[in-house]
Amino acid sequence: MSELINLVATVLRVPVDAVDDDTGTATTAAWSSLRHVEIVVGVEKTFGVRLTPREARSCRSVRALRDVLSGKGVTP
Amino acid sequence: MSDLAPRVVESLNSALRRLFDERADLYLLGEDVVDPYGGAFKVTKGLSTSHPDRVLSTPLSEAGIAGVAGGLALSGDQVVLEAMFGDFAALMFDQLLNLVSKSVTMYGERKPMRVLVRCPVGGNRGYGPTHSQSVQKHFIGIPNLSLYETTPFHEAYPLVSHALDHGPSMLFEDKVLYTRRLYRDGVVDEHFRFTLVGGAPGWAHVTPVDGRPADVALVCPGGVAHRAVTAANALRAQGISVHLLVPGRLYPLDVEPVLDLLADAGLVVVAEESTAGGTWGSDVAAVLHDRLWSSLSAPVLRLSSADSIIPTARHLEERVLLGERHIVDAVTTALGTCRRTEGAEEAVPTPVASGVPVTAPKLNNNDATYLVVDWLVEDGATVEPGTPLVELETSKAIEEIAAADAGVLHVVVPSGTEVEVGALLAEIGGTGPRAAAAQEVREVHDVPEVVVPSPRSYVLDRAQQGTAAVVSRAHREVPAAFTAIEVRVDALLERLRRLSDESDADVGLAEAVVKAVGTAHADFGHLFGSLVDDRTVALTDTADVAVTLDAGRGLYTPVVRDCSGRSIVDISDDLMDYRLKAWRAEFAAAELTGAAITVSLNTDDDVLLVQPIVMWPQLCMLSVGGLREQVVLDDGVPVATTVVVLGLAYDHRVVNGADAVRFLRFVADGLRKPDRLEKLVS
Numbered sequence: 001m002s003e004l005i006n007l008v009a010t011v012l013r014v015p016v017d018a019v020d021d022d023t024g025t026a027t028t029a030a031w032s033s034l035r036h037v038e039i040v041v042g043v044e045k046t047f048g049v050r051l052t053p054r055e056a057r058s059c060r061s062v063r064a065l066r067d068v069l070s071g072k073g074v075t076p
Numbered sequence: 001m002s003d004l005a006p007r008v009v010e011s012l013n014s015a016l017r018r019l020f021d022e023r024a025d026l027y028l029l030g031e032d033v034v035d036p037y038g039g040a041f042k043v044t045k046g047l048s049t050s051h052p053d054r055v056l057s058t059p060l061s062e063a064g065i066a067g068v069a070g071g072l073a074l075s076g077d078q079v080v081l082e083a084m085f086g087d088f089a090a091l092m093f094d095q096l097l098n099l100v101s102k103s104v105t106m107y108g109e110r111k112p113m114r115v116l117v118r119c120p121v122g123g124n125r126g127y128g129p130t131h132s133q134s135v136q137k138h139f140i141g142i143p144n145l146s147l148y149e150t151t152p153f154h155e156a157y158p159l160v161s162h163a164l165d166h167g168p169s170m171l172f173e174d175k176v177l178y179t180r181r182l183y184r185d186g187v188v189d190e191h192f193r194f195t196l197v198g199g200a201p202g203w204a205h206v207t208p209v210d211g212r213p214a215d216v217a218l219v220c221p222g223g224v225a226h227r228a229v230t231a232a233n234a235l236r237a238q239g240i241s242v243h244l245l246v247p248g249r250l251y252p253l254d255v256e257p258v259l260d261l262l263a264d265a266g267l268v269v270v271a272e273e274s275t276a277g278g279t280w281g282s283d284v285a286a287v288l289h290d291r292l293w294s295s296l297s298a299p300v301l302r303l304s305s306a307d308s309i310i311p312t313a314r315h316l317e318e319r320v321l322l323g324e325r326h327i328v329d330a331v332t333t334a335l336g337t338c339r340r341t342e343g344a345e346e347a348v349p350t351p352v353a354s355g356v357p358v359t360a361p362k363l364n365n366n367d368a369t370y371l372v373v374d375w376l377v378e379d380g381a382t383v384e385p386g387t388p389l390v391e392l393e394t395s396k397a398i399e400e401i402a403a404a405d406a407g408v409l410h411v412v413v414p415s416g417t418e419v420e421v422g423a424l425l426a427e428i429g430g431t432g433p434r435a436a437a438a439q440e441v442r443e444v445h446d447v448p449e450v451v452v453p454s455p456r457s458y459v460l461d462r463a464q465q466g467t468a469a470v471v472s473r474a475h476r477e478v479p480a481a482f483t484a485i486e487v488r489v490d491a492l493l494e495r496l497r498r499l500s501d502e503s504d505a506d507v508g509l510a511e512a513v514v515k516a517v518g519t520a521h522a523d524f525g526h527l528f529g530s531l532v533d534d535r536t537v538a539l540t541d542t543a544d545v546a547v548t549l550d551a552g553r554g555l556y557t558p559v560v561r562d563c564s565g566r567s568i569v570d571i572s573d574d575l576m577d578y579r580l581k582a583w584r585a586e587f588a589a590a591e592l593t594g595a596a597i598t599v600s601l602n603t604d605d606d607v608l609l610v611q612p613i614v615m616w617p618q619l620c621m622l623s624v625g626g627l628r629e630q631v632v633l634d635d636g637v638p639v640a641t642t643v644v645v646l647g648l649a650y651d652h653r654v655v656n657g658a659d660a661v662r663f664l665r666f667v668a669d670g671l672r673k674p675d676r677l678e679k680l681v682s
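Protein chains in written order, with UniProt numbering: chain A, 1 to 76; chain B, 1 to 682.
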């Protein structure tokens, strides 16, 4: 399982197998705005990247996070 | 071929030789620069022999030759201009200010002005008042003009070519540095190493070989580097880890590559040789205060030479100019360690004060000034380390400042004075009892800043002390009343979900409430402002709304500007930015000041109702509780609905209850009435 999935599951406090690329604010009530910030900061620390506020606010699903990381040359 | 590193003067000479070989349109102008004299400091030695048509001695007219340099640059050539002494650059000032720098952006398109003015600067040579100055400060902040300084870490060729290609520029060359050798291969001495960080010309980052993080980050220009290295070694012997940061370019200064290091340091120091007042170091400190406000644990310590002309007599010159002993003493004083090296009392007096300064420390993250309430020791009395000296009032919290040194107290600021953070309050020592007391000081090690009364006690961190000061003041000064209203938000939440999908933004209840409060500014402007005195209220032109954010690293109240005029999506961008900053604890001071009203966000599940304080001197704070499911009767039919409770604490001296209810209802209607809701999200 990818580091990204693990990270999101940890922050959302849900089982790893409950998280997939579709997991996001639209599908998961636990993904609140505060948890969102926690996820963004966790991604920054784990993958050594810095997200702009605009990237941070648009990364509202695992898929979106994966896309932003790919754009920064990181394979999550 | 010698294995020794070149001296700085040799490095400069080689750089110029290489540039003349590479650039056919390069000229060098200056007084007595041709061979056999080769310039006052021999930087241009040999150049006129190899390039007699382009290395030209000029009449003794700095203004004239600076004008010629401007003309050559306007014609597409490039010029290195030597001021025999940097002091004489004053005579070039008009040409640099009004011709050379302005020409870059005077003609409708950017005109490269490849002019580099080389200025030998600095003292410690016994040259006297008009040949020893560090004139960098007089050229800071001139649009288009960049300032560089030679350092023992930066090879001259990349520095000079960068300065020339990004001209107009000035290169300040410390005279004492000329004869010192460059540090090479990342080695400074047995205790320190260095690396270059950031893009060209970059910073030299000098670190202890043991890899210890920085107790002290010392920023200095190249001319001070050797003094800083000596001071760093002396402090190392006292167990204090010092990192040095030496930029190749002084202005504009690119602080980004070193911000993280500075943020992590216990103390940030800027040291320079310039005489005090309006200096480069002051400019750097201002930038760092702004960028690192929430990370700094103390004001940036600024060290410079005294506010004095520079004497010719060497023993007097030493008293005026910044020296390594000054750096060591100031740092140990600032750290409050009371540690001294052997012979400290015989050291050269600190240039800027006759005694050890007692300054107003940064006590919280909210106050820019403090009130000197009372001196606890009489002026002229002898004090010991740890003696409580003075009471400072922050936002109505009173803090005692204790002596860090022994000696006679000389009060500078009387009781009842409002002072800024970092202001000089008093000086300790200088004469008489100090020498005897210093003997005792040497035996004191690591005097703790705060006495912890028992193992089960703890001291609030500074961020929480700041919060404590604010809420204490609010509690003591503001006769607050409170009212609350319940709002059904089903339609709002559904609309925000759609808006989030449409805009790819995270727009939630917090953003909606902030926007709704901002919208109320037009009708309830008298609630947006501050109480100036018991009878006067200052209102604001824009709805600048602070929000409470706590990500576990302290409570912050950053300000979202103009919430009336900007869209809810814009506001959500700001809030996302602020949430990240709250998590990283990296707010700038300007982001935390100037609110007209505050929204307290407490939207966690199960939160029923929040009674906020009023952030003095503001008039109101609105609170938002958590979302709750309820069953209500809708036309007699029970239905499930989602509600939130908005609360309003208000200063009852200014706002009355009926007005508060009208305001709350107006905000609530913005969230629940369909027509108002559409306006809110549009």
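Calculated directly from the structure, the hints in this document are not laboratory data.
Possibly wrong hints are sitting among the right ones.
Which chain B residues stay away from chain A? Per the calculated CB distances, all over 12 Å, these [what the hints assert, rightly or not]: (1) 107; (2) 318; (3) 572.
The calculated label-pair distances, taken between Cβ atoms and stated as ranges, are [stated by the list, open to error]: (4) B:37 to A:72: 31 to 39 Å; (5) B:490 to A:3: 34 to 42 Å; (6) B:666 to A:30: 38 to 46 Å; (7) B:21 to A:2: 53 to 61 Å; (8) A:15 to B:533: 28 to 36 Å; (9) B:186 to A:71: 28 to 36 Å; (10) B:635 to A:20: 41 to 49 Å; (11) B:138 to A:75: 48 to 56 Å.
All values reported here derive from a predicted model rather than from experimental measurement.
We put the beta carbon where it would ideally sit given N, CA and C, even for glycine.
Each hint, compared with the structure:
| no. | hint | in the structure |
| --- | --- | --- |
| 1 | 107 | holds (36 Å) |
| 2 | 318 | holds (47 Å) |
| 3 | 572 | violated (7 Å) |
| 4 | B:37 to A:72: 31 to 39 Å | violated (57 Å) |
| 5 | B:490 to A:3: 34 to 42 Å | holds (38 Å) |
| 6 | B:666 to A:30: 38 to 46 Å | violated (33 Å) |
| 7 | B:21 to A:2: 53 to 61 Å | holds (55 Å) |
| 8 | A:15 to B:533: 28 to 36 Å | violated (60 Å) |
| 9 | B:186 to A:71: 28 to 36 Å | holds (35 Å) |
| 10 | B:635 to A:20: 41 to 49 Å | holds (43 Å) |
| 11 | B:138 to A:75: 48 to 56 Å | holds (53 Å) |
Violation of the numbered hints given earlier is confined to hints 3, 4, 6 and 8; the remaining hints are satisfied by the structure.
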